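Visitor: Residues per chain, in single letters:
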Amino acid sequence: MAWAWFHRFASPPWIYGFAQRWAPWFGGSAALLMLVALFGGLWLAPPDYQQKDAFRIVYIHAPSATFSLAVYTAMAIAAAVGLIWRMKVAHAVAAACAPIGAWLTVATLVTGSLWGKPMWGTYWAWDPRLTSELILLFLYFAYMALRAAIEDPAKADKASAVLAVVGVVNVPIIRYSVTWWNSLHQKATTKLLGDPDMDGSMVWPLLLMLLAFALYIAAVLLVRLRAELLRRERNASWIREVLG
Amino acid sequence: MRTPALTAARLVAGRDLRLAFRKPSQLLQPLMFFMIVATLFPLTLSPEMSRLRDVAPGVLWIGALLSSLLALEFLFRDDAVDGTLEQFALSGQSLTWMLFAKTCTHWLLAGLPLALSAPVAALALGVPAAALGSVVAALALGSLALSLVGAICAGLTLGARRGGVLLSLLTLPLAVPVLVFGADATRLAIAGESVLPPMYMLSAIVVLGMTLAPLAAAAAVRIGLE
Amino acid sequence: MLSVQGLHLWRGDRHVLRGVSFDAGSGQCVLLTGRNGAGKTTLLRAIAGLLDPEEGKVLWRGESTRATRDTFHSELAYLGHEPPLKGDLTGYENLHYGVGIRRAVAATEIDAALDRTGARAFADRATRRLSAGQRRRIALAGLLLANAALWLLDEPTTNLDADGQALVAQLIRQQLDRGLVVAAVHQGIELPAGKVRALELEAA
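Protein chains in written order, with our numbering: chain U, 86 to 329; chain F, 549 to 774; chain Z, 9 to 212.
Hint data in this document are derived by calculation from the structure and do not stem from the laboratory. Treat the numbers as computed from the prediction; the structure is a model and nothing was measured. Take these hints with a grain of salt, some might be off.
Only some residues are given here: those of chain Z computed to face chain U with a beta carbon under 8 Å [stated by the list, open to error]:
| hint | residue |
| --- | --- |
| 1 | Arg-19 |
| 2 | Gly-20 |
| 3 | Asp-21 |
The beta carbon of each residue, even a glycine, is placed where N, CA and C say it ideally should be.
The following block holds chain U by itself, in its conformation from the complex (with noise of 0.2 Å):
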């Protein structure tokens, strides 16, 4: 029972078709969450004790932040899945996930850097967060060079598949290394990018904004998916059925 579901997801044309139907859906209701929650944390939410109005951009921050890993996390999982079952679709997943994360982590750097300046006074600073995720940044890069370095795709799926396990399993030890290395060096006891106390009204928003990156997040991974299938088994059959 259970394997049948599976090996409907392991079929290339099914998922071109769920992907067809469901992405405008996912992309639809992640606007919309993203209308209400942005017009909770910029308009409705009062500004915050310390940080005044700087500290909206935590909106876009924190699920950029969260989902950078995430789908890193994910990325891994489908490349394992790909390796062990030997699934295409899950390789063309994970070759999909990997532009949407490395995406993910400039804008958390980039909304980090412009949290900083009215913080900090500078655009940078080495702070544990904003170096990891630079780091996280520097595994995408590997991770994508190494897949356009190798021509053959079905090796190159599968030696960035080990890469991504590989990676998946140092970041929490490179995590803990920078939390180490930043530690040594702390002037002062308050964390830099230290997420404000946020009362009520400031934390709906935020929740809200992390289900709309879900959405958003998976609505444009379908249609990447799609894309990767459709470049994939350009020389399969059903390419021809479903393109009319």
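Based on the hints, put chains F and Z in the right spot on chain U.
Guide: Frame of chain U; chains F and Z shown alone:
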């Protein structure tokens, strides 16, 4: 009678050692590179020993990292080109175990000599003599960790174009923990404090590396042989 | 002993192996023929387990070679296009290490094998100083020393003179007394008719 695993590992190590000593210049190059890099930093910063002492951990470890990246090039490359890696995969022995033997031998030929010659660079950077033992120990452990992690990346880049730069791109993010703990140990040694906390962390990374890295490297090599 | 069933393999977009199947028992030699690019090397590597076919399987003594990989490999000797010899080691040392990781091999055995393939005379020179034909003779000695039941040979007569080619035919005939051979060849090999099967591969 199939060769027992330990004997096979000894043969793998023995072959690599014999080959290395027939072409010793290949061994010296990463070492020379390390020395040159260590010299370049004072030229770009300041000749004042007290200032250099502050940056010595960074200089030593970045130099060691870059030198290791160069040395990693010759871990699998020759074997991949002449078909020896393929014979490993077809030998009926555990590829993981043989790659582990190769990586440890590589460390004996590249990482350990680097650690042992580091005092020369360290003294030139103002590191007090009392700290040298810890500097060597930290670099020895750190270079072993780098060899283990680097073996995975070397295996992954076997089938890729322009493997050298790609190898660095893959290895550098994974090398961050080793850099952090190694440099911290060196800094503490220079300050005369206990180096045990970061050394424990480095040892933990080495142990984790020894158990998991050869597995990943074997998977990478099999993929690369396809 | 060896059963290849319905192998399909793609390299990128090319459908290189399209349902290759054959059975071979002890004492048989399967000769793979076909033009360049037809997939002979790919088939040999797929049987050896170096390549993963998308579909189909390879059975050795009735069991899937994927499931019993290490056991299968200990009974297999594979000789590719280039003999796997280290240029800085002598022929003798190459065999000592190369065969040694598979099975314990005594110095006298190595000498005997080198004699058999006519390589004894130059086995003490670094292999980078040998001609391609001499290197191949050393590799053939390694093949003998492997004591394998299955030989997978990719163009074994490359770089060999007429004597060398006769040697390869002899060695294969000897091997057929105790096991089987699958060889990719461009030209025929002198073998008794009853023991040879030809399998022609066509390029995609």
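Visitor: Evaluate each hint against the coordinates.
Guide: Checked hints:
Among the interface hints, the one on Arg-19 of chain Z holds; its C-beta lies about 7 Å from the nearest C-beta in chain U, closer than the 8 Å criterion. Hint status for Gly-20 of chain Z: holds, given a least beta-carbon distance of 6 Å to chain U, under 8 Å. For Asp-21 of chain Z, the interface hint holds, since its Cβ comes within 8 Å of a Cβ in chain U; the closest pair sits about 6 Å apart.
Hint compliance for this structure: no hint is broken.
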